[in-house]
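Engineer: If you read the protein sequences in the order shown, they are chains L and Y. To convert, take the position in the first sequence, counting from 1, and add 3; that gives my numbering. To convert, take the position in the second sequence, counting from 1, and add 3; that gives my numbering.
Do not rely on the hints blindly, as some may be mistaken.
Since the list can't tell identical chains apart, any single copy or any two copies may satisfy a pair.
[Stated by the list, open to error] No more than 27 Å apart at the CA atoms, straight line, and that leaves these computed lysine-lysine pairs for DSS-like:
#: 1; residue 1: K68; residue 2: K8
#: 2; residue 1: K87; residue 2: K68
#: 3; residue 1: K68; residue 2: K28
#: 4; residue 1: K214; residue 2: K182
#: 5; residue 1: K8; residue 2: K45
#: 6; residue 1: K45; residue 2: K28
Hints are computed from structural coordinates only; laboratory data are not their basis. Predicted, not measured: the structure shown is a model, and the values here were computed from it.
Number of protein chains: 2
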Amino acid sequence: MQPKKPATIRDVAAAAGVSTATVSKFINGQQRFSAEVEARMKAVIDQLGYRQNPLARSMVTGQTKSVGLAIMDVRNPHFANIVKGANRVAIEHDYNLLVVDLEESPKREQELLGALSRRVDGLIVSSRIPLETVDWLAQQGKPVVFFGAIQRQGVVAVRTDGYRAANMLGRHLASQGRKRFAYVGFPQARWNAERLQGLQDGLAQIGASAKVFDVNLPTPEEGEAICSRVLLADDRPDAVVCYNDLIALGFMHEAQSLGLKVPDDVAVAGFDDIPLSRYANPPLTTVDMQSERQGVVAMERLLGALAGNWPDADTLLEPRLVARQSTGRQ
Amino acid sequence: MQPKKPATIRDVAAAAGVSTATVSKFINGQQRFSAEVEARMKAVIDQLGYRQNPLARSMVTGQTKSVGLAIMDVRNPHFANIVKGANRVAIEHDYNLLVVDLEESPKREQELLGALSRRVDGLIVSSRIPLETVDWLAQQGKPVVFFGAIQRQGVVAVRTDGYRAANMLGRHLASQGRKRFAYVGFPQARWNAERLQGLQDGLAQIGASAKVFDVNLPTPEEGEAICSRVLLADDRPDAVVCYNDLIALGFMHEAQSLGLKVPDDVAVAGFDDIPLSRYANPPLTTVDMQSERQGVVAMERLLGALAGNWPDADTLLEPRLVARQSTGRQ
DNA sequence: AGCATCGAGTTAATCGTTTAACTGATTCCA
DNA sequence: TGGAATCAGTTAAACGATTAACTCGATGCT
Numbered sequence: 004m005q006p007k008k009p010a011t012i013r014d015v016a017a018a019a020g021v022s023t024a025t026v027s028k029f030i031n032g033q034q035r036f037s038a039e040v041e042a043r044m045k046a047v048i049d050q051l052g053y054r055q056n057p058l059a060r061s062m063v064t065g066q067t068k069s070v071g072l073a074i075m076d077v078r079n080p081h082f083a084n085i086v087k088g089a090n091r092v093a094i095e096h097d098y099n100l101l102v103v104d105l106e107e108s109p110k111r112e113q114e115l116l117g118a119l120s121r122r123v124d125g126l127i128v129s130s131r132i133p134l135e136t137v138d139w140l141a142q143q144g145k146p147v148v149f150f151g152a153i154q155r156q157g158v159v160a161v162r163t164d165g166y167r168a169a170n171m172l173g174r175h176l177a178s179q180g181r182k183r184f185a186y187v188g189f190p191q192a193r194w195n196a197e198r199l200q201g202l203q204d205g206l207a208q209i210g211a212s213a214k215v216f217d218v219n220l221p222t223p224e225e226g227e228a229i230c231s232r233v234l235l236a237d238d239r240p241d242a243v244v245c246y247n248d249l250i251a252l253g254f255m256h257e258a259q260s261l262g263l264k265v266p267d268d269v270a271v272a273g274f275d276d277i278p279l280s281r282y283a284n285p286p287l288t289t290v291d292m293q294s295e296r297q298g299v300v301a302m303e304r305l306l307g308a309l310a311g312n313w314p315d316a317d318t319l320l321e322p323r324l325v326a327r328q329s330t331g332r333q
Numbered sequence: 004m005q006p007k008k009p010a011t012i013r014d015v016a017a018a019a020g021v022s023t024a025t026v027s028k029f030i031n032g033q034q035r036f037s038a039e040v041e042a043r044m045k046a047v048i049d050q051l052g053y054r055q056n057p058l059a060r061s062m063v064t065g066q067t068k069s070v071g072l073a074i075m076d077v078r079n080p081h082f083a084n085i086v087k088g089a090n091r092v093a094i095e096h097d098y099n100l101l102v103v104d105l106e107e108s109p110k111r112e113q114e115l116l117g118a119l120s121r122r123v124d125g126l127i128v129s130s131r132i133p134l135e136t137v138d139w140l141a142q143q144g145k146p147v148v149f150f151g152a153i154q155r156q157g158v159v160a161v162r163t164d165g166y167r168a169a170n171m172l173g174r175h176l177a178s179q180g181r182k183r184f185a186y187v188g189f190p191q192a193r194w195n196a197e198r199l200q201g202l203q204d205g206l207a208q209i210g211a212s213a214k215v216f217d218v219n220l221p222t223p224e225e226g227e228a229i230c231s232r233v234l235l236a237d238d239r240p241d242a243v244v245c246y247n248d249l250i251a252l253g254f255m256h257e258a259q260s261l262g263l264k265v266p267d268d269v270a271v272a273g274f275d276d277i278p279l280s281r282y283a284n285p286p287l288t289t290v291d292m293q294s295e296r297q298g299v300v301a302m303e304r305l306l307g308a309l310a311g312n313w314p315d316a317d318t319l320l321e322p323r324l325v326a327r328q329s330t331g332r333q
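Just need the whole structure built from these sequences, with the hints factored in.
Structural biologist: Below is the structure:
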């Protein structure tokens, strides 16, 4: 099979006996032409199977009609939800969404982001991006929406209040009569510190505080692996808060394998409210961090910026406590 | 802040006192120049913060160095795994991966795919793509890797043997002493029919067959919703196979809520072996459909095709039964 | 009639790169 | 010594679109 070169606008123009300018304007609906000419172009176009070349178009218009979204890991439902939300809004506005998965590799990160940034009109970044890159982007005049708190020219920040989220969770656990707390954190995440702080402050109300453990990845495997260390310590905690639902689910599973009853012996909770948390046994208490909404808002604000509405302020979403049986009353 | 136009290769050339051709060759490492000239260019480049414009480059080289991957839903861990696998291979080979989520919207699908196809060198498609589009792609000389069985010029197919997978599962359940079977299918999926067939054939060995129910989406919510209809039928099944793990997890949860014991009263199984299946309570029996490996293989074959190695045959991956407690011996 | 306006379409420059073909100057080798 | 080969770089034509500025004829208005 011969790989035929795709038809160009010139081919169409020639075959229809008009100039390329005419074809271009017709395709983009910028001008009406005589019925006769329009019909001829239409016919030629689908006879040749002509499709615009978006690259060539972008070169001259300076717009790619696409935006980039950089995430840490598609497999994490939190990020998948962000993608989903952002995608929906993008499609509605006729923008393409290019998702890049950073794979937790900081080395590639810079490269990938750099390459991506030249292909898109704007960027949504949910990872620890080097500030240098942020500045470079802003300097190019490309709007950047950043998940997190960042004060930077040309960058708008969107986030869900992690302090408040953890605080609510802490108070919830306290109100259920829990006494000895542990927090399984993921220190590499930018949200980790504020969640821990919110939790501690919440617990401080009853004069308690959480013992801190750390995992290296925000996965159920890690939650499972650290479980025995947390629960077999002397003065075993009766409530464990994990950095996210994935960790919590792994943790809870292993706790049950160790013969402990959840929530009777130990309460377990996470963050994100991923879809499967509701279907765990027992269903997992968590805090809805509005992942999908984050994606939606981020995209809306980015597209707004592209349309010339430079945002005046950052967006702070409110978390929502989702109390389920994994922290049921003791 | 003024959105400064990014520096072009011409700016660099001018500032370094050389021609653009020189700069271009230098950047692409195609030719060595005198130490003096190279140093000057290097200096100018990072003083100006110059980065190649990949669009302009693609225009003339005819290659975008990126490939597209179309999936049905990022939120489904099966697809997330495919993305992961494909992404890994793409990065290794210095290709960009553009993921588009088709959102189950067949109308947009055509458009999105059409637009995407012009931005990439090749495409991996895991959805029911219109054959017309496939042909158009093949005609443009863009390699297409398709998940599924398809006989088409310029298209290579990759899949995991769904018949075999379901067959194994059926025999497994039979061997555990189960007698009355149900299958909760997702008829819109292209794999549904072969899984059902494999299951029925597997059950036929003990002279049994599965009663079929259908859901509209492959989600835990749907699994939950259909559960009572399946289990409260007279002659209640003692083994239920679901189209995928998500459905199965929702189903199992609801079964337990209805007061049934899994696996004692009813065995539940799914397909895909998503990460959380292992952490369900009880852990879910499933068949590993090698989602990630599918992504890896698809990308390898696509990049191979781009490098000129047109594949001689389709790839068929072997599923792997993962027997866990949700189908434990009765 | 005279002049401005409008409609339908064209011309040609442009976007930021790459690359084939070229130029001079130097070096190599017989 | 003289021609070929190499080196270090340049010139200019693409790639496939968009678009500002133009042309040419017809129409409208007074």
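Engineer: If a hint holds in the structure, say so; if it does not, say that too.
Structural biologist: How the hints compare with the structure:
{"no.": "1", "hint": "K68 / K8", "result": "both (24 Å within a copy, 18 Å between copies)"}
{"no.": "2", "hint": "K87 / K68", "result": "both (18 Å within a copy, 25 Å between copies)"}
{"no.": "3", "hint": "K68 / K28", "result": "within (18 Å within a copy, 30 Å between copies)"}
{"no.": "4", "hint": "K214 / K182", "result": "within (12 Å within a copy, 50 Å between copies)"}
{"no.": "5", "hint": "K8 / K45", "result": "within (20 Å within a copy, 37 Å between copies)"}
{"no.": "6", "hint": "K45 / K28", "result": "within (13 Å within a copy, 42 Å between copies)"}
Comparing the model with each earlier hint shows no violations; every hint is respected.
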